Each structure stands twice: as structure tokens, then as C-alpha cells.
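Peer 1: The whole structure should be built from the sequences, with the hints applied where relevant.
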Amino acid sequence: MCNNVFMTTICVFGDSIAWGANDSERGGWVNRLQNFYQSQNLRVDEDVDVYNLGVSGDNTDDLLKRFDTELVARLSDGKNIIIFATGINDSQFVISKNVNRVQDNIFRDNLKTLVLKAQQYTDDIIFVGLTKVDESKTVPIPWNTDKNYTNNDIQRYDVIIQDVAKESDTRYISMKDAVGLDDLSDGLHPNTNGHIKIFEILKQELGL
Numbered sequence: 082m083c084n085n086v087f088m089t090t091i092c093v094f095g096d097s098i099a100w101g102a103n104d105s106e107r108g109g110w111v112n113r114l115q116n117f118y119q120s121q122n123l124r125v126d127e128d129v130d131v132y133n134l135g136v137s138g139d140n141t142d143d144l145l146k147r148f149d150t151e152l153v154a155r156l157s158d159g160k161n162i163i164i165f166a167t168g169i170n171d172s173q174f175v176i177s178k179n180v181n182r183v184q185d186n187i188f189r190d191n192l193k194t195l196v197l198k199a200q201q202y203t204d205d206i207i208f209v210g211l212t213k214v215d216e217s218k219t220v221p222i223p224w225n226t227d228k229n230y231t232n233n234d235i236q237r238y239d240v241i242i243q244d245v246a247k248e249s250d251t252r253y254i255s256m257k258d259a260v261g262l263d264d265l266s267d268g269l270h271p272n273t274n275g276h277i278k279i280f281e282i283l284k285q286e287l288g289l
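All you need for this note's numbering is the position in the sequence shown, starting with 1, plus 81.
Worth flagging that the hints you see were computed from the coordinates, not collected in a lab. Quick caveat: nothing in here was measured; it's all calculated off a predicted structure. All clues given are correct.
Label-pair restraints from in silico Cβ distances: (1) P221 / S120: 36 to 42 Å; (2) Q243 / R124: 36 to 42 Å; (3) K146 / Q121: 30 to 36 Å.
Distance condition first, Cα-Cα at most 20 Å in a straight line; then the derived EDC-like pairs of lysine to aspartate or glutamate: (4) K284 / E127; (5) K146 / D185; (6) K284 / D258; (7) K247 / D205; (8) K218 / D234; (9) K257 / E281; (10) K198 / E248; (11) K198 / D149; (12) K228 / E216; (13) K193 / D205; (14) K284 / D128; (15) K278 / D258; (16) K160 / D204; (17) K257 / E216; (18) K278 / E106; (19) K218 / D267; (20) K160 / D205; (21) K284 / D205; (22) K228 / D267; (23) K247 / D204; (24) K146 / D190; (25) K160 / D250; (26) K193 / D250; (27) K198 / D250; (28) K178 / D142; (29) K247 / E286; (30) K193 / D204; (31) K257 / D185; (32) K257 / D234; (33) K198 / E151; (34) K160 / D149; (35) K178 / D234; (36) K278 / D264; (37) K284 / E106; (38) K278 / D215; (39) K228 / D215; (40) K228 / D185.
For every residue, glycine included, the Cβ atom is placed at its ideal position computed from N, Cα and C.
Peer 2: The structure is reproduced here in C-alpha cells:
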């Protein structure tokens, strides 16, 4: 790890929304955070480094497999913040199996495990809440008609995120009303305007 003791490192783990899908201008809200901190002309030892660890299609099962390895390679000797922006793919409903992709009890356990893992490295842990979808475009999703995203399922999984955050004394930032239907490019992923709205909320909440 580096010796920049005042440095802040932010590692964002998530899915395609965290990765920045469909923001053709600046590559999503995580990259917008990084660009913002780079624009502040901070001294190197006071810098804020943002790492985008979003993977398209990931759910919490997938995230658990890669979390430790990807995090340890990026930790600093300064302040480390871990942000989890995950869950919407867990809530995905598989029509042929009549079940959510990651069942809610397993989802809850996965989140708890992620918190325990993260707490080995930092106490600064943040959960980003789930955004709404446009069900006219996501029931079913056109690129896989065996799968749905519904707001009822998303809300149910978002409540689980809130519960785990409260139980583990970690932060939860709601995105329930952050993105409107006009801010969704394909019914699921925010467009550029949607990513800007998420970025603005996170920038204010982080307060760095």
C-alpha cells in the first residue's frame, strides 16, 4: 500500500449502473466522481482516488467472489471508503424458474458477508440504494425475455439493503426518487442525465 497518509481512496463495487452503462458523455456516475475530484487540484497527498469496480451483470454472488482481491490491490494507507452499489440484478425475476435471480434470504446473507469483509479494512462503508425501472420496458427485458425487473421486487430488495445497513451501522443513501422514467435509456439503465443525478447525490453525501 502507498504511504500517502492523507489520501482518500474510494472503491465502488457494483453492476452495470455503477460501471456507467449508457452514459455516453462521461461513463457514469462513478467516473463523474473521479473526474470531479481530479478537477479540484488537490495536493497529491490529499488526493481522492475513485476506483470503478462495477461489472455489468453482477449480483452479490458474483461480487463476493472478487471482492477481497480487487479491494486489497487498491487500498491506501490513508482513508478508505467502500461503496456498494449492488442489488438490482439480484432482484431480477427469472420467469422460467419463477424465482428471483438471488433469493431475498440469500441476498441478505450476501450483504452481511460483504459488510464483514469490508469491516476488516475500513469503518467507512456505504450502501447506495436501488433505482426504479420503467416496467413498460423491463417486463420482460427485450435482450432476455425470460427475465423481468419490477419496481415491487426492487423495492423489496432495497428494504433489505436498508435493514442490513441499519443492523451493521453502515450508511445507506436512498436512490428511490433520484431517477425518473425520462432518465432511463432502456427502462433499466440511467441515461446521461440519470447518471448526473446519481453523481450529484453522492457528491453531496460524501462531502469530501
